[in-house]
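Asks: So you can see what is in the structure, the chains are spelled out below.
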Amino acid sequence: GNSVTQMEGPVTLSEEAFLTINCTYTATGYPSLFWYVQYPGEGLQLLLKATKADDKGSNKGFEATYRKETTSFHLEKGSVQVSDSAVYFCALSDRTGFQKLVFGTGTRLLVSP
Amino acid sequence: SAVISQKPSRDICQRGTSLTIQCQVDSQVTMMFWYRQQPGQSLTLIATANQGSEATYESGFVIDKFPISRPNLTFSTLTVSNMSPEDSSIYLCSVGGEAGGSYNEQFFGPGTRLTVL
Numbered sequence: 001g002n003s004v005t006q007m008e009g010p011v012t013l014s015e016e017a018f019l020t021i022n023c024t025y026t027a028t029g030y031p032s033l034f035w036y037v038q039y040p041g042e043g044l045q046l047l048l049k050a051t052k053a054d055d056k057g058s059n060k061g062f063e064a065t066y067r068k069e070t071t072s073f074h075l076e077k078g079s080v081q082v083s084d085s086a087v088y089f090c091a092l093s094d095r096t097g098f099q100k101l102v103f104g105t106g107t108r109l110l111v112s113p
Numbered sequence: 001s002a003v004i005s006q007k008p009s010r011d012i013c014q015r016g017t018s019l020t021i022q023c024q025v026d027s028q029v030t031m032m033f034w035y036r037q038q039p040g041q042s043l044t045l046i047a048t049a050n051q052g053s054e055a056t057y058e059s060g061f062v063i064d065k066f067p068i069s070r071p072n073l074t075f076s077t078l079t080v081s082n083m084s085p086e087d088s089s090i091y092l093c094s095v096g097g098e099a100g101g102s103y104n105e106q107f108f109g110p111g112t113r114l115t116v117l
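If you read the protein sequences in the order shown, they are chains A and B. Quick note, the first sequence lines up with residues 1 to 113 if you use the numbering used here. Quick note, the second sequence lines up with residues 1 to 117 if you use the numbering used here.
For the record, the hints were derived by calculation from the structure and aren't laboratory data. Heads up, some of the hints might be wrong.
Which chain B residues face chain A? A few, computed with CB under 8 Å, are given here [said to hold, decoys possible]: (1) F61; (2) F75; (3) E105; (4) G109.
Derived EDC-like pairs (lysine to aspartate or glutamate); straight-line CA-CA distance at most 20 Å [said to hold, decoys possible]: (5) K7(B) <-> E42(A); (6) K60(A) <-> D94(A); (7) K100(A) <-> E54(B); (8) K77(A) <-> D55(A); (9) K56(A) <-> E15(A); (10) K65(B) <-> E54(B); (11) K68(A) <-> D84(A); (12) K100(A) <-> E58(B); (13) K52(A) <-> E8(A).
Distance ranges between label pairs, derived from CB positions [what the hints assert, rightly or not]: (14) G9(A) <-> V3(B): 40 to 50 Å; (15) E54(B) <-> A17(A): 26 to 36 Å; (16) G40(B) <-> K60(A): 34 to 44 Å; (17) Q81(A) <-> S53(B): 44 to 54 Å; (18) P40(A) <-> Q22(B): 38 to 48 Å; (19) K7(B) <-> K56(A): 12 to 22 Å; (20) K52(A) <-> Q22(B): 34 to 44 Å; (21) R15(B) <-> K52(A): 46 to 56 Å; (22) K68(A) <-> K7(B): 37 to 47 Å.
What you are looking at is a predicted structure, and each value in this text was computed from that prediction instead of being measured. Don't be surprised by glycine CBs; every beta carbon is placed ideally from N, CA and C.
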């Protein structure tokens with residue numbers, strides 16, 4: 001079945017450091033890929049998405065590129081801020097299961113001043 | 001994107017009782033979903049709420065434990081029945097991307113934090 005694997009957290013960084021959160025997936029066909037963010041005490045927000053190979057999703061300085069050859073969708077940001085502290089979830093949507101989302105385990109990011 | 005509200009935002013319940021969670025969307029949507037997020041865990045899909053017909057449950061979830069209603073295109077309820085402490089989780093509803101996004105996006109409500117004693 002479909003699955004998403006994320007690097008374990010927490011990831012602890014200083015402000016302005018470079019961020020990478022790894023995400024790999026297993027799926028049949030050509031899934032759509034997503035990053036969701038959950039700030040403390042809040043619900044999930046869609047951060048960015050990519051729907052086909054080599055697509056790059058970007059938002060709020062975050063980027064992720066859909067790499068079919070390595071089945072990966074790593075999240076990156078060049079300079080993190082304290083306000084980026086949150087839990088980040090990688091997810092996929094299999095086109096055969098209409099809009100069903102399969103989530104990774106989530107990675108907690110802690111950014112210190 | 002759609003504005004999604006959930007009631008209650010949190011509750012503390014006694015074991016053996018039931019709680020009904022409401023999800024309201026500010027626009028008509030075809031697809032509505034219910035997820036569970038256990039403490040420190042990821043999200044797991046419970047079921048797809050179908051308007052006018054029975055919900056479609058994922059493996060490991062049954063209608064007797066999690067009955068769902070979907071009376072129209074803007075509203076759904078999830079009931080957690082005969083609760084035990086293992087049901088302590090955040091329950092989230094989401095809607096399909098037709099509500100302001102592309103077809104394969106989902107937008108989430110703020111969640112209901114349930115604690116069962």
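Asks: Each hint needs a verdict: does it hold in this structure or not?
Replies: Against the structure, the hints come out as follows:
1. F61: violated (13 Å)
2. F75: violated (18 Å)
3. E105: At 6 Å from the nearest chain A Cβ, E105(B) passes the 8 Å test, so the hint holds.
4. G109: Status holds, d = 6 Å.
5. K7(B) <-> E42(A): holds (14 Å)
6. K60(A) <-> D94(A): violated (26 Å)
7. K100(A) <-> E54(B): holds (17 Å)
8. K77(A) <-> D55(A): Distance of about 17 Å is within 20 Å: holds.
9. K56(A) <-> E15(A): violated (24 Å)
10. K65(B) <-> E54(B): This hinted pair holds, its Cα atoms lying about 14 Å apart.
11. K68(A) <-> D84(A): Roughly 27 Å between the alpha carbons, so the hint for K68(A) and D84(A) is violated.
12. K100(A) <-> E58(B): With a Cα-Cα distance of about 10 Å, the restraint between K100(A) and E58(B) holds, given a limit of 20 Å.
13. K52(A) <-> E8(A): violated (26 Å)
14. G9(A) <-> V3(B): 40 to 50 Å: violated (30 Å)
15. E54(B) <-> A17(A): 26 to 36 Å: violated (50 Å)
16. G40(B) <-> K60(A): 34 to 44 Å: violated (25 Å)
17. Q81(A) <-> S53(B): 44 to 54 Å: At 46 Å between Cβs, range holds.
18. P40(A) <-> Q22(B): 38 to 48 Å: violated (24 Å)
19. K7(B) <-> K56(A): 12 to 22 Å: Once the Cβ atoms are compared, 38 Å apart, the range 12 to 22 Å for K56(A) and K7(B) is violated.
20. K52(A) <-> Q22(B): 34 to 44 Å: Holds - the Cβ-Cβ distance for K52(A) and Q22(B), about 37 Å, lies within 34 to 44 Å.
21. R15(B) <-> K52(A): 46 to 56 Å: holds (48 Å)
22. K68(A) <-> K7(B): 37 to 47 Å: holds (42 Å)
In this structure, the hints that do not hold are numbers 1, 2, 6, 9, 11, 13, 14, 15, 16, 18, 19, in rising order.
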